[in-house]
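Q: Sequence lines, in order, name chains A and B.
Following my numbering, the numbering of the first sequence begins with 1 at its first residue and continues without gaps.
Following my numbering, the numbering of the second sequence begins with 1 at its first residue and continues without gaps.
If you're looking for bench data, these hints aren't it; they were derived computationally from the structure.
Glycine residues also receive a C-beta, built at the ideal position from the N, C-alpha and C atoms.
Be a bit skeptical, because a hint or two may be false.
[Stated by the list, open to error] Beta-carbon label-pair distances, calculated as ranges: (1) B:104 <-> A:373: 45 to 51 Å; (2) B:31 <-> A:275: 52 to 58 Å; (3) B:280 <-> A:275: 47 to 53 Å; (4) A:209 <-> B:159: 45 to 51 Å; (5) B:54 <-> A:275: 51 to 57 Å; (6) A:265 <-> B:134: 49 to 55 Å; (7) A:301 <-> B:107: 40 to 46 Å; (8) A:275 <-> B:225: 45 to 51 Å; (9) B:59 <-> A:79: 26 to 32 Å.
[Said to hold, decoys possible] If you want the ones that stay clear, here's a sample from chain B, every Cβ over 10 Å from chain A, calculated: (10) 1; (11) 55; (12) 59; (13) 258.
[As the list claims (entries may be wrong)] To be clear about the criterion: a stretch of chain B counts as covered by chain A if any three or more of its residues have a C-beta under 8 Å from a C-beta of chain A, and this derived list gives those stretches: (14) 40-48; (15) 110-116; (16) 130-142; (17) 202-214.
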Amino acid sequence: MNRNTVPALALLAIAALVAPSGAASKGPAAGKTVHVGVIADVTGGAGVYGTPQKNAYELANEDVKSGKIDAGGANLVFDVQDSATDPAQAVNLMQKFTTDGQTPIVLGPTLSGEAFRAFPIAKAANFPVMGTSTTAEGVTAIGPTVFRDSLAESQVIPTTVKRTHDKWHYKTAAIIYGDDNAFTKTDGDVFARELKAAGIDVVDTETFHIKDTDFQAALTRIESKHPDVIAIGALFPEATKIIQQAGKLGIKAHMMGGNGLNSPEMYSVAGPAAQGTVVGAAWFSGAIYPSNVDFVKHYTAKYGKGPDQFAAQSYAAAQIVAFLVARGATTKDEMTAGLKNVRVIQTVLGPIGFDPNRDVKSSPVILSIVKDGFAYFH
Amino acid sequence: MIAQQLLNGLFLGAVYALFAVGYTLVFGVLDILNLAHAAIFTAAAFAAFSLAAAGVPLPLAFLGAAVLAGIMGILLDRVAFAPLRARNAGTLVPLISSIGVAIIIGAILRGIYGVDERHFTVGGLDTAPVIRLGPLTFTTVELTIFLAAIVLMLVLSWILRATTLGRRIRAVAEDRVAAALLGVDLERTIAATFFIASSLGGAAGVLTGLEYNSVTLDMGGPIELKGLAVIILGGMGSVTGAVIGGFILGAVETLAIAYGLSAWRDAVLFGVMFLLLVARPTGLFGKRALRAA
Chain A
1 MNRNTVPALA LLAIAALVAP SGAASKGPAA GKTVHVGVIA DVTGGAGVYG TPQKNAYELA
61 NEDVKSGKID AGGANLVFDV QDSATDPAQA VNLMQKFTTD GQTPIVLGPT LSGEAFRAFP
121 IAKAANFPVM GTSTTAEGVT AIGPTVFRDS LAESQVIPTT VKRTHDKWHY KTAAIIYGDD
181 NAFTKTDGDV FARELKAAGI DVVDTETFHI KDTDFQAALT RIESKHPDVI AIGALFPEAT
241 KIIQQAGKLG IKAHMMGGNG LNSPEMYSVA GPAAQGTVVG AAWFSGAIYP SNVDFVKHYT
301 AKYGKGPDQF AAQSYAAAQI VAFLVARGAT TKDEMTAGLK NVRVIQTVLG PIGFDPNRDV
361 KSSPVILSIV KDGFAYFH
Chain B
1 MIAQQLLNGL FLGAVYALFA VGYTLVFGVL DILNLAHAAI FTAAAFAAFS LAAAGVPLPL
61 AFLGAAVLAG IMGILLDRVA FAPLRARNAG TLVPLISSIG VAIIIGAILR GIYGVDERHF
121 TVGGLDTAPV IRLGPLTFTT VELTIFLAAI VLMLVLSWIL RATTLGRRIR AVAEDRVAAA
181 LLGVDLERTI AATFFIASSL GGAAGVLTGL EYNSVTLDMG GPIELKGLAV IILGGMGSVT
241 GAVIGGFILG AVETLAIAYG LSAWRDAVLF GVMFLLLVAR PTGLFGKRAL RAA
């Protein structure tokens, strides 16, 4: 790539801050076709996470065509391929995209475990990739072309603990987390670290396995220690059951959790027991950023249910790529340089950028579950 | 706390037992492991969900799904087991064909329902009245599920002991050739066995779905392994053993957590099983050693 292109792209990125977004413009890549590879677990065990991702990219394809997402007049297409919750298939797809000669960037895969297998291939090919849901520690450290737009649990939980402690002034806590999943294990570790750092006595720690359905034994034990607050390190299916069963057992302690609890169906599935549970997250469906309001509305209209955080982070990745394409990035090196030099991009997640470790720079939102949805926690 | 924990274990154990009873019945009669049992468990839960969503009252949806599961069991036998039985294919080949059927059922369910978790909109745990009895807390749904499991197991025990069909099933389990020589219609008896076993497995699926108000494609996974553990512990082919084994498994699992060993739950569970099997290699109620292949 031309030596002068990098600063030029940087300048353009800064210029975009002031430029109004919205109507499709004619950029340097106008008329060109840009083919973006997407690897998502549409089927298999992680299908519940990969399917909203696929939906988000399909919506993005429509929005690029209609000009809602400004790709500078380029024919930008997101090609979603199913890795079927199989790391080997994620590796195959990564090999395909990095060698087909027409793909300048890959978004995904869905799970951190797949990313640890697939991203080294991208690194070896000096090829840019962006995770949208791979939040485990060490993912971006794989190589200098590995980015992610999803806020890690380690970035979300410290704020969650601080804000809840400021409000509730609790002295004791219990932690319940899944110990066989990178995401929920991180939850458990970070909650333990942050609670202890805040001088809170962790009176009990319970673990479970992903796909468990009965948490009453663990919750009965937690209740016998009378903690003021219960920290939950779980993904949606387990979190709803923990909250519901805690309610049934009459547990009155405050509850809080991380990104795993940020689903539009939290209240409808967990029921009234969920009310007041605090959720630290990367995205709020009710946030009033213009593109987010449209995104939530159109996604809901198209798929019959609201987007979750997986969908939002994927749509944001599509917005980021479109932003770069609109400014002329059509090759892998231009994509990498663009991502490295970008300052702030307006997305459905709010204004975001990347830090020197290629992790997303944005603020977590602290939410409280209310009847039929979420509200900001004050 | 221990009283509540034992109650938790009892509720858990009842569903394990109900699932394992069907599992072990097929093994007792045919000497084969039906690895599609968990797929039928899942399919029945989805069927009950669909019926409930269409406005069918829950008890009827439950019965309908159990009957449907029974019919699926008969079809399963016709497709996966009967052709192999006719060719004397042994006991290992049917194991593989049952895995194949399980995969097909899973794919069909995925095609119909997609990957999302489904919830019963009425009668789930969240809306059920909570009963507090001294130190014990439980819901009417849990109590109903427990009673339903017990009643179904009693009905099965009565069928096996006191009816002509039960005598035929026991005769085929004892010696297939001798039973046939004595005039027992082999294929009809086997079909009846599959109907009963699968409808019990299906009932367990619906009850599990109701108890946690959650129906998912992979809900059969954990119980498949635990069901296998239960029937080995109880003694392969022993219905009484499967019931007792189910309750032991529920109790050990709950107590391991109650005593602060949640991270070691499965290790404790399988450790206890191992010790019991060292003491009684044929399982608690096993009458014979596994036949050498």
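Q: Regarding the assertion that residue 59 of chain B does not contact chain A, is the least Cβ-Cβ distance greater than 10 Å?
A: holds (22 Å)
Q: Does residue 258 of chain B really sit off the interface, with its C-beta more than 10 Å from all C-beta atoms of chain A?
A: violated (6 Å)
Q: Checking C-beta pairs, does the segment 202-214 of chain B have three or more residues closer than 8 Å to chain A?
A: It holds, with 5 qualifying residues against the three required.
Q: Are 3 or more residues of the segment 40-48 of chain B near chain A, judged by a Cβ distance of less than 8 Å?
A: violated (count 0)
Q: Is the hinted range of 49 to 55 Å satisfied by the C-beta distance from residue 265 of chain A to residue 134 of chain B?
A: violated (35 Å)
Q: Beyond 10 Å on every Cβ pair: is that true for residue 55 of chain B relative to chain A?
A: holds (19 Å)
Q: Does 52 to 58 Å hold as the CB distance between residue 31 of chain B and residue 275 of chain A, or does it fail?
A: holds (53 Å)
Q: If I claimed the Cβ atoms of residue 54 of chain B and residue 275 of chain A lie 51 to 57 Å apart, would that claim hold in this structure?
A: Since the Cβ atoms of residue 54 of chain B and residue 275 of chain A sit about 30 Å apart, the hinted range of 51 to 57 Å is violated.
Q: Note whether the CB distance of residue 59 of chain B and residue 79 of chain A lies within 26 to 32 Å or breaks it.
A: Hint violated: Cβ distance 49 Å, outside 26 to 32 Å.
Q: Looking only at beta-carbon atoms, does the pair residue 280 of chain B, residue 275 of chain A fall within the given range of 47 to 53 Å?
A: With a Cβ separation near 50 Å, residue 280 of chain B and residue 275 of chain A satisfy 47 to 53 Å, so the hint holds.
Q: Starting from the hint 45 to 51 Å, judge whether the C-beta atoms of residue 275 of chain A and residue 225 of chain B obey it.
A: Once the Cβ atoms are compared, 36 Å apart, the range 45 to 51 Å for residue 225 of chain B and residue 275 of chain A is violated.
Q: For the range 45 to 51 Å, tell me whether the beta carbons of residue 209 of chain A and residue 159 of chain B fit it or not.
A: violated (36 Å)
The structure does not agree with the numbered hints 1, 4, 5, 6, 7, 8, 9, 10, 13, 14 stated previously, though it agrees with the rest.
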